[in-house]
Structures are given as structure tokens and as C-alpha cells.
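Peer 1: Residue-level listing of the chains:
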Amino acid sequence: MLKLGKPSMQAAIPIDSRAATTLQYIRASMDAAASVAVPGSTGTGMGLVGLIATALTVSPALHPYWLSIWVGSAVVAAALGAILLARQSSQRGLRLIGTPIRKLLLCLLPSLFAGGVITGALWSAGNLHAIPGTWLLLYGCALISASVTTTRTIGVLGGAFTLLGVLALLLPDSLQIFMLGAGFGGLHLLFGFLIGRMGHGRQV
Amino acid sequence: MAAKSSVHAEPAASPRKRAKLAPVPGLPHNKDDVAFDRLVYERVRLGIMSALAVRDELTFNELKALFEVSDGNLSAHARKLEEAKYLSCTKSFEARRPRTVYRLTALGKSALNRYLDHVEAVIKATRRG
Numbered sequence: 001m002l003k004l005g006k007p008s009m010q011a012a013i014p015i016d017s018r019a020a021t022t023l024q025y026i027r028a029s030m031d032a033a034a035s036v037a038v039p040g041s042t043g044t045g046m047g048l049v050g051l052i053a054t055a056l057t058v059s060p061a062l063h064p065y066w067l068s069i070w071v072g073s074a075v076v077a078a079a080l081g082a083i084l085l086a087r088q089s090s091q092r093g094l095r096l097i098g099t100p101i102r103k104l105l106l107c108l109l110p111s112l113f114a115g116g117v118i119t120g121a122l123w124s125a126g127n128l129h130a131i132p133g134t135w136l137l138l139y140g141c142a143l144i145s146a147s148v149t150t151t152r153t154i155g156v157l158g159g160a161f162t163l164l165g166v167l168a169l170l171l172p173d174s175l176q177i178f179m180l181g182a183g184f185g186g187l188h189l190l191f192g193f194l195i196g197r198m199g200h201g202r203q204v
Numbered sequence: 001m002a003a004k005s006s007v008h009a010e011p012a013a014s015p016r017k018r019a020k021l022a023p024v025p026g027l028p029h030n031k032d033d034v035a036f037d038r039l040v041y042e043r044v045r046l047g048i049m050s051a052l053a054v055r056d057e058l059t060f061n062e063l064k065a066l067f068e069v070s071d072g073n074l075s076a077h078a079r080k081l082e083e084a085k086y087l088s089c090t091k092s093f094e095a096r097r098p099r100t101v102y103r104l105t106a107l108g109k110s111a112l113n114r115y116l117d118h119v120e121a122v123i124k125a126t127r128r129g
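As they're listed, the protein sequences go chains A and B. Counting in the numbering used here, the first sequence runs from 1 upward without gaps. Counting in the numbering used here, the second sequence runs from 1 upward without gaps.
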């Protein structure tokens, strides 16, 4: 004698589920095509420059020249970051021209420009104490803006820089160099490692 | 004995039923849209069209990096889209290396826009019901 059980009730599949996943796929493809893949090596390289600058400016002999050393390090780190980004793109057969890189620069440059202007104003007014916190804060803002054309990871990095900047503005003079090292050295290295592990952080 | 002829008149649909059965505006109704729908049923082709919608052009290697497919796979998908005249392909040399650049044609852009309208219409209609 056959025992007939109750027919199993399967969960209903919404009729628009394929349309919704199709739209999601289209959006993801468009986002990926319009974004810039930032390699982990960029963060690692810039982080190393930050650590070297920290080591130099912590020494008593070079400490009076901390502003010049860090401005010089910023230029070196920016150039190194650009070279590593260009090299990585070239190795993958990608071009670093067109809409994505234009958007990235448009997101980064305003905050960095503001940082430069405020640095000049603070230096003229003799208020050097506020410079490290301002740099960390505005660099963080630049990265948060840039996350629109890159990845969420860059946005998180930007958030961390911003918090560090606020903290630096509240701390005494003796800790400012260490805050710069923690940010431009430590955070860059950490996120460079994380992005490298995720595969350029590309999220498609 | 004469066969009974039973012609039953269909009862008139209630207004609510007529609204439910009304055709969804924006659904494909011509053969071009149906052909496009069949073509982009394959995800990689839909991805290629979508990526080119936001970029003026993309090279073969850029598309390959975006979708992580093999050379042969990408070539086959791109050729199908080219044959349907949705993509244009330009081959040249750059420092003695071959360079293949793809662009969306005007036909491809309008077909993709209509497809997006269709997909959104389906979602809207289903959620309204």
C-alpha cells in the first residue's frame, strides 16, 4: 500500500526576480566599467614613504624640518602612487585615460587643494600645531569622495583618516608626528595589504 | 438527432480582472526587441553592452579584465553583438601590438535603452499588482 504524503510546499519565486537580478547585473557592469581599480601596491608604497618620513622627523636633528620633510614626502608618495597605478593598469591591458580617471581626479583634487591652501594659511599664522590634523582630515575627505569612482574600501580608509585627523587636532604637539605616521604610514600599509588580498578591491 | 451546438458566450470580465489582464506598457512588441532580448539573455553580452553604455570605448583587454572571461569566449560574444550591429569593432596596432577597440553603435544604445525600459516595466507592473 502506497503511503502518500502531503505534497511539499515550495517557496514561491517572485515573477520579477529575474528582472531585478538583470537590473542589478547591468548596474554592477556599469559601475565596474566606470571605476578605477586601485592596486594594493599603491597603498603599500605610499605607506612606506609615510613610515620613512616619520622615522626622519622623529629624530631630534631633523625634527625642526618636519614640515618640509612631510611636504616632500607627500610629493614623492603621490608620484609613486600614480606610477604604481599606471603600471598596474598597463600590466592588465587597461588604459588610465578617459572618464574614470577624470572622475577620480575630480573627487580627490578639491580636498587636497583645500589642504594646501589651509596649510599655507596656518603656516603664515604660525599655527603649525593644526597642520597634521588638517592634512589627515582633508586627505580622509578626499578618499571618501574618491570611493565613488573606486571601491567602498577606499571610502572606509577615508573614514579612518578623517577620524585620525579629528583626534590629531585634539592631541598635544608631542604626538602630532606619530599621528602622521599612524595615518600616512600605518593606514596606507594596512589598506594596501587588504586591497591586495581582495584583488584590487574590485566589486562587480 | 441534431448535435447540440453549445456556444457559450464568454462572461464579460469584471473591471478588476480587465485591469489585471491589461498588457504591460513597454513590453517588447516588435521583432527587434525580441531579438535583442534573446541576444542579451547571455549575461556576458548584456555586461558588454552595459559597460560600453558608460564608456566611449573599451579595448578587448579591458572587457576581458572586467568580466574575467577567456579570449575565445569574449571574442565569440563580441562577434555576435557585432553581427547584430550593436557593437562596432576597430582593430589597429599600438607599438606593434594589436589593439581591438569596441564601441556601442547608435542602434545598440537605443536597443539597450528599450531593454532597460522593458525590464523596469516588468518590475513596476509586478509590484503594482
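Just so you know, these hints were derived from the structure itself, not from any lab. Wrong hints could be hidden among the right ones.
[As the list claims (entries may be wrong)] With a cut-off of at most 27 Å between alpha-carbon atoms, the simulated BS3-like pairs for lysine-lysine come out as follows:
| # | chain 1 | residue 1 | chain 2 | residue 2 |
| --- | --- | --- | --- | --- |
| 1 | B | K124 | B | K109 |
| 2 | A | K103 | B | K64 |
| 3 | B | K85 | B | K109 |
| 4 | A | K103 | B | K109 |
| 5 | B | K109 | B | K80 |
| 6 | B | K64 | B | K31 |
Peer 1: Checking against the hints above, which ones are violated?
Peer 2: 6
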